[in-house]
Amino acid sequence: SQTIHQWPATLVQPVGSPLSLECTVEGTSNPNLYWYRQAAGRGLQLLFYSVGIGQISSEVPQNLSASRPQDRQFILSSKKLLLSDSGFYLCAWSPFMNTEAFFGQGTRLTVV
Amino acid sequence: DAKTTQPTSMDCAEGRAANLPCNHSTISGNEYVYWYRQIHSQGPQYIIHGLKNNETNEMASLIITEDRKSSTLILPHATLRDTAVYYCIVRVGQAGTALIFGKGTTLSVSS
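If you read the protein sequences in the order shown, they are chains A and B.
Start counting the first sequence at -13; every next residue gets the next number (my numbering).
Start counting the second sequence at 5; every next residue gets the next number (my numbering).
If you are wondering where the hints come from, they were derived from the structure by calculation, not from laboratory data.
Idealized CB from N, CA, C, for every residue including glycine.
Honestly, I wouldn't trust all of these hints.
To be verified - Looking from chain A toward chain B, a few residues come up when the C-beta cut is under 8 Å (computed): (1) W(-7); (2) A25; (3) G27; (4) G29; (5) L32; (6) Y35; (7) L69; (8) G73; (9) L76; (10) E86; (11) F89; (12) Q91.
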């Protein structure tokens, strides 16, 4: 069966520090991969999605970037965090032909 | 992807059926209706999806009107653990399209 791993579960980082969140999927090949952010009390905002290695689509201009170095690995990064980057970050995957999506447990990031 | 309209919030008594409506009047012929829910502090959970016909699985039933302009998610016997935000999403089922969430309906199940 397929599983998605996302870590860490919680993270506290100072303003201006770098960020790297990793997501990996097991048990499937060539998945579509997604990064979402949910600010406190707000809805889910799609940040990036990828249909293959090295293929990244950005939905919202921001202080973040994403990379997909391997088929089942998706990384969210920032060179310098802002206070507004705080939120609940979720990674998700769906089969290549885009049926249902499955979400990780999320990383709660607090920038101080 | 077509826009959806859902009530902001709904209440339901434990053990009763919860019927969550969704309007998607601009849906295209190749767009599916998906339902997800998000329990507080967790990632969204897929519930069910359909194109034209009604669908049922172990979690819920999905009723889509004949003109496909609206649908209803039915939780047949709501429990306290069903308290969550429910999202109705309409999207094309093809590679390279993203899943866009709206504001959803907050369902509160009480005893």
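Outcome of the hint check:
no.: 1; hint: W(-7); in the structure: 13 Å, violated
no.: 2; hint: A25; in the structure: 13 Å, violated
no.: 3; hint: G27; in the structure: 11 Å, violated
no.: 4; hint: G29; in the structure: 5 Å, holds
no.: 5; hint: L32; in the structure: 5 Å, holds
no.: 6; hint: Y35; in the structure: 5 Å, holds
no.: 7; hint: L69; in the structure: 21 Å, violated
no.: 8; hint: G73; in the structure: 12 Å, violated
no.: 9; hint: L76; in the structure: 5 Å, holds
no.: 10; hint: E86; in the structure: 4 Å, holds
no.: 11; hint: F89; in the structure: 3 Å, holds
no.: 12; hint: Q91; in the structure: 6 Å, holds
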